[in-house]
Amino acid sequence: MSILAPGWTALLYLVAAVCFILALKGLSSPRTARRGNAIGAAGAVVAVLTVFLSARLDNVPLILAAITVGTALAVPVARRVQMTQMPQLVALFNGVGGGAAALVAVLELGHGGDSWVRLAIAFTMLVGAVSFAGSAVTVGKLQELISTRPLLFPGMPAVMLLVLAGALTAGGVVVLTGSPGWAGGLLVLGLAAGLLLVLPVGGADVPIVISLLNAFTGLAVAASGIVLGNVLLLVAGTLVGASGTILTKVMASAMGRGVAGIMFGAFRGGSTAGSTTLSDRPVRSASAEDVAVQLGYAQRVVIVPGYGLAVAQGQHTVAELATALTARGVDVVFAIHPVAGRMPGHMNVLLAEANVPYELLRELDEVNPEFASTDVALVVGANDVVNPAAKSSPGSPIYGMPILEVVQAQQVVFLKRSMRPGFAGIENDLLHDPRTTLLFGDAKDSLSKVLGAVKIL
Amino acid sequence: MDTVTLLTVVVLAVFVGFEVVSKVTSKLHTPLMSGANAIHGIILVGAVIVAGQAVEPWLLAVALLAVVLATVNLVGGFVVTDRMLEMFGPRKAARAAASTDSAIDSATPAGTGPEGGERP
Chain A
1 MSILAPGWTA
11 LLYLVAAVCF
21 ILALKGLSSP
31 RTARRGNAIG
41 AAGAVVAVLT
51 VFLSARLDNV
61 PLILAAITVG
71 TALAVPVARR
81 VQMTQMPQLV
91 ALFNGVGGGA
101 AALVAVLELG
111 HGGDSWVRLA
121 IAFTMLVGAV
131 SFAGSAVTVG
141 KLQELISTRP
151 LLFPGMPAVM
161 LLVLAGALTA
171 GGVVVLTGSP
181 GWAGGLLVLG
191 LAAGLLLVLP
201 VGGADVPIVI
211 SLLNAFTGLA
221 VAASGIVLGN
231 VLLLVAGTLV
241 GASGTILTKV
251 MASAMGRGVA
261 GIMFGAFRGG
271 STAGSTTLSD
281 RPVRSASAED
291 VAVQLGYAQR
301 VVIVPGYGLA
311 VAQGQHTVAE
321 LATALTARGV
331 DVVFAIHPVA
341 GRMPGHMNVL
351 LAEANVPYEL
361 LRELDEVNPE
371 FASTDVALVV
381 GANDVVNPAA
391 KSSPGSPIYG
401 MPILEVVQAQ
411 QVVFLKRSMR
421 PGFAGIENDL
431 LHDPRTTLLF
441 GDAKDSLSKV
451 LGAVKIL
Chain B
1001 MDTVTLLTVV
1011 VLAVFVGFEV
1021 VSKVTSKLHT
1031 PLMSGANAIH
1041 GIILVGAVIV
1051 AGQAVEPWLL
1061 AVALLAVVLA
1071 TVNLVGGFVV
1081 TDRMLEMFGP
1091 RKAARAAAST
1101 DSAIDSATPA
1111 GTGPEGGERP
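Sequence order for the protein chains is A and B. Per the working numbering: the first sequence = residues 1 to 457. Per the working numbering: the second sequence = residues 1001 to 1120.
Just so you know, these hints were derived from the structure itself, not from any lab. One should not assume that every hint holds.
To be verified - Straight-line distance between alpha carbons at most 35 angstroms, and here's what the computed DSBU-like set of lysine-lysine pairs gives:
| id | chain 1 | residue 1 | chain 2 | residue 2 |
| --- | --- | --- | --- | --- |
| 1 | A | 25 | B | 1023 |
| 2 | A | 391 | A | 249 |
| 3 | A | 249 | A | 449 |
| 4 | B | 1023 | A | 455 |
Construct all of the structure, not just a fragment, from the sequences and the given hints.
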């Protein structure tokens, strides 16, 4: 059924493409972000309706059923997922998109075309498979199904090179002959390359990898646009590929890292600077009541929330604690590190969910000059983002990362589960500082106890 | 379409893609990544085309699998992005006031809040 003339189809695809551009533009500013996302969704609806009205399609009932199944799978998960687990879900959605692109390319192989088309097919298959397998590994790491530490085995770089050489060979044969057997081999090698690429990445860097794989999927979709002669896929995929690449760079520089260092740093041998001789130094631990007194009689408190707060689901309790302290006349603000949580901007989402007023959230550049006039810095489930080693010890793996300078506050209180170092696996000198107090325990439990104690002060 | 036209489209799209995200604040990195992620779910259009042309049953099965995966990417991506952005919404002031009230009644266990507010 072909209702629309080709001219109208092209026009409607243009409308959809413009919607996607406006969506990305809108998402770049807090005021317009939600509207931007809605515009993007509208563009997607226009595009899907257009394809049904313009192409000669068989199997329409089955296709509609498949779309219904996909929607029924995705919507409940997307609506119910805990905000702490959202990075995994984004990675999962990205992986299935890459997988879909690879499958589309496989199916188009049977439809002939010149060697340019077969080149685009080989590219889509390889990059889609890398994105699928790589995303699966990131989901595993974020869900802690597999170790968040870099996973390496002896000879891994050599295996990686062999896999890449094999993939290029298989891709070359596919371009020249269109052989289905080699295409299957290319898919398998692409999956292997995705695994090998992401396994060596350390947990703290996983969000950057998700963003990179997101850009990869965009490129695969763009190439599938060439395969199918569809301009919308080409434009949308290229947009995501380009914006994803920039976003990956921006995120990496917010962490003071280079993208290449994140992907291949583990091969160079990890630095363990900072982890020597520190562990047996004494720390000062305190009770919840002591902490409550410190906080309750302070003039100014800066709360530094980290991933530990998010896993403990303590964001609501910390919001209550802030309210209770404010009611006592204490000046309370939250200092948000750009990579607090598991993804850049993640902590803003979590605290917004817990109804922490936006005006209380301070970004790194705003809050750092204020620490010197702060009585107590309360660090909840964060470690690496306040570690002075990032400024003072050039050998440290986090050296160069911008940190929240809680070290300048009069007193520092850490709520920590244990003395275990943070995600980056390095010791924090600040824990042994005489002005530092530690309260051990699950972040939410500790916060509840402190909150209870503050209330009866 | 000829190669030069395709190349023109790609080059322009690359520049637009670079341009639109170059000034984003770190606060919005996660929603932006998630929104871009939803946009490449438009591979659904490609999956629908190949499924509509598939003749042999096993090819159709693979194509329908691609349709399901692409739909998950597209629909799930936009829904989860919207959920994230809902938190940044303009109801902020009202919600902040509500939280001050609920903090007084601190017997309410924290953590039950977000799911309760989640209605389709």
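Against the structure, the hints come out as follows:
1. A C-alpha spacing of about 10 angstroms is found between residue 25/A and residue 1023/B, which places the hinted pair at or below 35 angstroms, so the restraint holds.
2. Proposed proximity of residue 391/A and residue 249/A is supported: the alpha carbons are some 21 angstroms apart, at most 35 angstroms.
3. Among the hinted pairs, residue 249/A with residue 449/A is inconsistent with the structure: their alpha-carbon atoms are about 41 angstroms apart, more than 35 angstroms.
4. The suggested pairing of residue 1023/B with residue 455/A is violated, with an alpha-carbon distance near 43 angstroms, which exceeds 35 angstroms.
Violated hints, listed in ascending order, are 3 and 4; each of the other numbered hints is respected by the structure.
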